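Generate the whole structure from the sequences, applying the supplied hints.
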Amino acid sequence: DAGVIQSPRHEVTEMGQEVTLRCKPISGHDYLFWYRQTMMRGLELLIYFNNNVPIDDSGMPEDRFSAKMPNASFSTLKIQPSEPRDSAVYFCASSLWWGAKNIQYFGAGTRLSVL
Amino acid sequence: AQKITQTQPGMFVQEKEAVTLDCTYDTSDPSYGLFWYKQPSSGEMIFLIYQGSYDQQNATEGRYSLNFQKARKSANLVISASQLGDSAMYFCAMREGDSNYQLIWGAGTKLIIKP
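If you're matching them up, the sequences are chains R and Z in order. Residue numbers are given in the working numbering: position 73 of the first sequence equals residue 73, and the series is strictly consecutive. Each number in the working numbering comes from the position in the second sequence (counting from 1) with 115 added on.
I should point out that these hints are in silico values taken from the structure, not numbers from a laboratory. Keep in mind the model is a prediction, meaning the values are calculated, not measured. Quick reminder that beta carbons are idealized off the backbone N, C-alpha and C, glycines included.
Quick partial rundown of chain Z residues pointing at chain R, CB under 8 Å, derived from the structure:
#1 Arg-210
#2 Tyr-216
#3 Gln-217
#4 Trp-220
Below you can see the structure in the form of structure tokens.
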């Protein structure tokens with residue numbers, strides 16, 4: 001079975017540019033999560049969706065960040081305009097509701113560098 | 116107070132030896148789940164093992180087992196017969212409650228297996 005697929009794996013852009021990160025969750029999963037990982041702050045939850053609906057976006061750092069899930073098999077995380085402090089690894093994860101167990105399966109991540 | 120504490124920032128272990136990675140947690144919710152993830156140098160986050168607060172037995176998955184001591188609020192990961200490929204960062208995470216889908220993450224332990 002295919003796991004969570006993220007693209008691109010690496011993104012290098014210049015400050016001020018728009019960046020779009022993409023995620024395809026595991027088929028049948030009803031939860032999707034976007035995380036950001038940095039050395040300073042560790043792993044931070046940015047936003048999560050249930051059945052394509054955003055449930056909690058309190059982790060989104062600024063209005064420059066937005067996320068959408070137009071259907072069950074695709075989600076995007078957009079940064080506009082990007083800044084050097086946005087440089088990090090961005091992970092997408094998906095899970096299937098199963099009570100407390102609800103294991104999150106992660107994609108390989110997108111390493112973003114904003115110059 | 117930290118909800119998830121991993122006290123070992125780094126560990127060196129000889130190949131084929133058993134390894135114990137420490138994790139203590141803090142919650143007042145009687146229902147919670149504990150997770151361990153592995154992050155090798157390639158960057159992906161790999162789910163290893165899960166322990167529910169009501170599970171009667173310690174979880175096991177192949178060479179991974181979880182030493183769950185509820186009264187002490189500890190959930191240590193044990194890797195038997197370590198291999199060079201076990202070298203990675205290991206993260207402990209907790210979910211509080213049955214309907215909360217957010218994970219609280221520890222800072223991680225960097226494990227290096229020596230040949």
